[in-house]
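Student: Each chain, written out:
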Amino acid sequence: MNIVVCVKRVPDTETKIKIGGEGTKIDPAGVEFIISPFDEFAVEEAIRIKEKLGKGEITILSLGPADAQTIMRKAYAMGADKGTHLNDATECQDTLAEAQALAAALKGMQFDLLLFGKQAVDYDNGAVGVQVARLLNIPVVSRIIKLDVADGKATVERESDMGKEVVEVKLPAAFTAEKGLNEPRYPKLMDIMKAKKKPLEEKPAQLEAPKLTIVKMDYPPARPPGKIVGQGEESVPALVNLLKNEAKAL
Amino acid sequence: MKFDFTEEQKSMMEVGRDFAEKDILPTQEEDEKAHHFRKETFKKMAELGFFGCVIPEKYGGNETGHLCAALLTEEIARVSASWTLPFNMQMWGPAFTILNYGNEEQKEKYIPALVNGDVIGAFAITEPNSGSDVAGMGTTATETDDGYILNGQKMWISNAQTADMSLVYAYTDKAKKHKGISCFLVDMKNNPGIKTAAIETKLGLFCAPTGEIAFEDAKIPKSALLGQKGDGFKICMWQLNNTRLGCAARGVGIARGCHEHAIKYALERTQFGQPIAEFEMIQDQLALMYVEYEAARLLVLKAAYEKDQGNIGNTLSVSTAKYFAGEAAVNASGLAMKVFGSYGYSSEYPVERFFRDAKSLQTVEGTSNIQKVIIARAILSK
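So the sequence lines, in the order shown, correspond to chains A and B.
Residue numbering for the first sequence is 10 to 259, as defined by our numbering.
Residue numbering for the second sequence is 111 to 492, as defined by our numbering.
Hints were generated in silico from the structure; no laboratory data involved.
There may be inaccurate statements among the hints.
[As the list claims (entries may be wrong)] Here are a few chain B residues that face chain A, going by a calculated C-beta distance under 7 Å:
| id | residue |
| --- | --- |
| 1 | Glu117 |
| 2 | Glu118 |
| 3 | Gln119 |
| 4 | Ser121 |
| 5 | Met122 |
| 6 | Met123 |
| 7 | Phe129 |
| 8 | Leu158 |
| 9 | Gly159 |
| 10 | Thr174 |
[To be verified] Straight-line distance between alpha carbons at most 25 Å, and here's what the computed DSS-like set of lysine-lysine pairs gives:
| id | chain 1 | residue 1 | chain 2 | residue 2 |
| --- | --- | --- | --- | --- |
| 11 | B | Lys153 | B | Lys132 |
| 12 | A | Lys203 | B | Lys448 |
| 13 | A | Lys61 | B | Lys153 |
| 14 | A | Lys205 | B | Lys120 |
| 15 | A | Lys188 | A | Lys155 |
| 16 | A | Lys155 | B | Lys132 |
| 17 | B | Lys287 | A | Lys188 |
| 18 | B | Lys154 | A | Lys59 |
| 19 | A | Lys27 | B | Lys374 |
| 20 | A | Lys25 | A | Lys61 |
| 21 | B | Lys448 | B | Lys143 |
| 22 | A | Lys25 | B | Lys132 |
Heads up, the beta-carbon is just placed ideally off N, CA and C, and yes, glycines get one too.
From just these sequences and the hints, can you work out the full model?
Tutor: Quick look at the structure:
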């Protein structure tokens, strides 16, 4: 079983984001970058499948600037075997252009499973995984919370507002991981040391001119201060009135 | 001179931080109340390789070094000082000492098992009437045809009642004074001459067991001797110069935990219509905590770095770091309590626990006074 996992470098979720680059990009100064948490679920799932089957190879594919290799090695430390870095110094923001570059690289790879996180937690588009699958003309199931592989097909579960779906897919197929799929492991110290020795190929990302550009970024509006309605029982009617008519929460 | 961490060191700090927050913090207060040493936490730390940093791959270690071990210790102590004790009880104490002084048989028997957590370790120096004055110990090991017989009492021993093995220091020849002390590798279980009891009256470090050990004609084999007869005092000092690095790193972690909690609280808590962080006297406290934390950390990193360069016997650097980091932890926890006001005095918030845990650092593995004696002797003999 050959598995390819696409991972993206994103700002640490605990970082206070600053807008830089003439108001269209995140200012990377002082920001710690991590593997996008949903991508980490995808990496963990790949490792679990390999462990369960006792064979296979896990390849990491990442499109991003030079330090994307740092997060690729995190995936190596968890248990991935090798990987390809598609270097993009421009930090492309057009998901279709990114998907095309990833798909071009994937056309030269043999795989049964192609895994993504459901979205990267930087721009939260949630588009790339599905776009890549379409470009490769393979089936895709998004936001999965369970994945079983047997006899050339995968049985997956996904949740929606309506309830749970169980889907069967012929391989090769693509999946995007939702929270709940698994609990990612901590890399062992020994595996962190060994990660640097695993093969990592670097290629320039073949990106077309973006058809989409971010023209302006803004901070979320400051939250209005809270309101103290009163104290004790007698203030309950006023509170209910405000929740109903002003906050529209009831 | 380079002040950057390597990518691997950063990854290891991240593992330490995540482990502390996800695997220790959720049960910290519950275990604190119950004085509970959670065995599965210990096993997980071992599995991740936390106790193998300074141990060669051949004996199950990962050779990531003293600096990595100190960074991990800091990350854990930032959340729970108790859970940094196993670094000393497994790795810097028994395993690393056996690696340096043991024969091949002893290394193979104990080191891999201490690293992977199959064996819980300890080291026993202190006695009811002998603390800083190590050579004043009363425990004896009398040689017989087929081994030694231990008699005496050890006190304030971390892991006394949980340990499977312990380094035990005892006199083989009292007349030779400190040159008559020897070190033994003692299997603590299934020996009718060894009795242990928990000490429940301590101020802090509740999730790390402490106890006393009584040796009453406890028979141990000849193969238990570590190094040569009479090497005990030398081994003890060598060992303490490594375990003290662990204590110093624990102090750094406590100081960091305190200043992080204090900053957060000072920004949230409002009095007189503004966050208390706006008041200059609070700012003074926060600044002092930060300065001492940062200085302590640099001392620890330097001492750890020297060991990784092969200078294991760096007593001046280690004692300087241990003294300063221990005091910094106590100061930081005291200041954090002031920032927190009444909540600082309450077990509802963690600074009260940090305060109790920090105090141990002025005593364990050489008091602050003893560190100053070592420092003064070293700088005067230069």
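Student: If a hint holds in the structure, say so; if it doesn't, say that too.
Tutor: For each hint, the structure was consulted:
no.	hint	result
1	Glu117	6 Å, holds
2	Glu118	5 Å, holds
3	Gln119	9 Å, violated
4	Ser121	5 Å, holds
5	Met122	6 Å, holds
6	Met123	11 Å, violated
7	Phe129	6 Å, holds
8	Leu158	5 Å, holds
9	Gly159	4 Å, holds
10	Thr174	5 Å, holds
11	B:Lys153 to B:Lys132	15 Å, holds
12	A:Lys203 to B:Lys448	46 Å, violated
13	A:Lys61 to B:Lys153	23 Å, holds
14	A:Lys205 to B:Lys120	14 Å, holds
15	A:Lys188 to A:Lys155	10 Å, holds
16	A:Lys155 to B:Lys132	23 Å, holds
17	B:Lys287 to A:Lys188	64 Å, violated
18	B:Lys154 to A:Lys59	22 Å, holds
19	A:Lys27 to B:Lys374	20 Å, holds
20	A:Lys25 to A:Lys61	39 Å, violated
21	B:Lys448 to B:Lys143	23 Å, holds
22	A:Lys25 to B:Lys132	22 Å, holds
In the structure shown, a violation is registered for the earlier hints numbered 3, 6, 12, 17, 20, in ascending order.
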